[in-house]
Amino acid sequence: MHFLDFEKPIAELEGKIEELRHLTDDSEVNIQEEVQKLQAKAERLLRQTYARLTPWQKTQVARHPERPHFGDYISRLVDDFQPLAGDRSYGEDPAIQGGLARFRGFSSVWIGQEKGHDTATRVRHNFGMARPEGYRKAQRLMRLAERFQVPIFTLVDTPGAYPGVGAEERGQAEAIARSIETCLEVKVPLISVIIGEGGSGGAIALASANSVYMLEHSVYSVISPEGCASILWRSGEHTKDAAEQLKLTAQDLHKLQVIDRVIEEPLGGAQRDKAATIDAVGDVLEDELHRLRAFTGGALKRKRRDKYLEIGRVGLS
Amino acid sequence: MSWISNYVRPKIRALVTRQDIPDDLWEKCPDCGQMIFHRELEKALRVCTHCGYHLRIGPNERMRLLFDSGQFTPIELPETIQDPLKFRDRKRYSDRLREARAKAEATDAIMVAHGRMGGHPVVMACFDFSFMGGSMGIAVGEGLLAAARLACMQEAPLLVVPASGGARMQEGILSLMQMPRTTVAVDMVKEKGLPYVVLLTDPTTGGVSASFAMLGDLTLAEPGSVIGFAGQRVIEATVREQLPEGFQRAEYLRDHGMVDQVVDRRELRDRLITLFGLLTRTTPEARIVRIPEGSLKLDGPRVAGGGPRIDDGRPTAEPQPADTGEAQQQPAEKRSSWSLSLTGRSRDKASGDKTPDKPKAEKAKPETAKSDRPKDTQKGDKQADSAGETGGHAHAASADPHQAGGDDETPATDPDRRAAE
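Protein sequences appear in the order of chains A and B.
Those letters in the first sequence? Residues 0 to 316, by numbering that gives the first Met the number 0.
Those letters in the second sequence? Residues 0 to 420, by numbering that gives the first Met the number 0.
There are no misleading hints in this set.
Have a look at the derived ranges for each label pair, beta carbon to beta carbon:
#, chain 1, residue 1, chain 2, residue 2, range
1, A, Asp79, B, Gln81, 48 to 58 Å
2, A, Glu225, B, Arg97, 24 to 34 Å
3, B, Pro77, A, Lys302, 19 to 29 Å
The hints are simulated quantities; they were obtained by calculation from the structure and are not laboratory data.
The beta carbon of each residue, even a glycine, is placed where N, CA and C say it ideally should be.
Can you make the complete structure from the sequences, with help from the hints?
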């Protein structure tokens, strides 16, 4: 288990519990009691810590390496997943995964960034930072979904679009712009969940949706706290302030009416119980799919546009 | 005593004040370093007369340069929520905003106006880079939406001229939301069948480039403009190597297939008029009818003002086949053109004619005639125009008060510093 800085006291307690468990002592009864006591204490500490996460701590949780990623959701939520590769113009970008699948009976298209879970896969998926090919593949899959009138689900988890020479040469800006445009145009239900990091343009390219949900400890922002601090404060020391000021938590974004709902995570974050997290997301997606299926394609497109036109009238007091 | 105060003192004073020669008579080209006399620079539309470098210009200057005889009507931008996040870095966002407004005499980084180009209506939205780096927040998004709605109402093409470092960080996620919102604006114009043309200027980066700016039916760019998604420093830090020559410049984007044309500022207006013409007037203006000489006779003496004149752009209610009166009055060989307007559309002056439209050509649309009036009379014009929402402060074409250029206090000014998100 990977512990974050602020989880140190919890890590210590849990370490102690492990130690006690492995002790083979005569006074076993006593140890059992001790373990239970410590477990209760650890849980209390966990609950207190996670109830009061600062925006910067939430950012760290959102980036937690053991958080469920796109691949985890796919393997648990859908059947018959058929990955589809390539943008048909230049290449295949493994940072964005997508394909056809059956979700609780419904054919559907799934698209999302994959961050990878160890060094090899992280490098392969470029840490979830997509190049133009990725966004063009996403557009292609969205059009495919529209052609066959199946819903689209996008799972957003990216630090942002990849800043590289090749990406710029091949039109990173255009690829993102067209991806947003495609999201807004398709005449099928489009539902997005920010499952970890919603990094700026790279995120909105997939998340201009009918309904946008965020996991409880995910973040969604126009710029990373690090980037914001270096530009506005001209120093890396103010990352925490930037995180605070950017209002990037699911809770703040719900207040700003930018997202539709916050999906609760298990105690201690999604990384502590991947299955429960994924199932909770699945249930929300299923409910929403049933609600949106009642609308015609034209109405879905209109509603999506109207929703974005409405955003920005509410501020935080 | 009096000769001292009346004669000597003014003389001395004159000697002293002689030193106060305005120091902005000469401007240094940021590219080649040559000094250019300010009047020469203005005449060259702020393009360096030595190396052709395009200096940045503000929205007022831009519009004066592009609209017919420099005349246009700005529209009042919708009011938006101020500082929605109560953002504070080293300074309050609300203070930064107030300072920027005082300096720019504008409410935000965008200006929207309508007018005519080559005689035909055009709606224009220009960014003001000197206003917090032209960054896009709610107000800019609303400005673009207003421009799109105005274009739809007037059935006019929309020209957008971005000059922006990207999203306005101080509005957090709400600035990111301007990316889909401005995309909706663009799609409204496109769905009406109207041209949406983008002129990319220096710089166009970040969230602005990754939304409406890259969605033009046509995309033009000014020479040398920096255009791209990620800032150059961010890219350098990521790839740890030297960036290629001319990276992210307009010409580089054209060579990589992202821009249709790179157009010199001095040719821009003519080029745009031609392009708009090709997109909006797609069939011949009128059927060409050759009238055999002497085959048509006047019924009698012509009553003054009784019939339409051939050069009168006034739309006729219905097609009038070979109006006898007019053919006789103006012998065909003396006319510059063989065409008779049978379709009721005004004759096109789209050939880059820089002279103002004659008022009589505007008879058909009296409500738009005011855009042809001298600007003095436009000042304070409270008339609502055809668009309905443009009751207006028509402070057309006053000298651009802002110097284009970076400001140490404005955050998003430096596109290089924009993190690639």
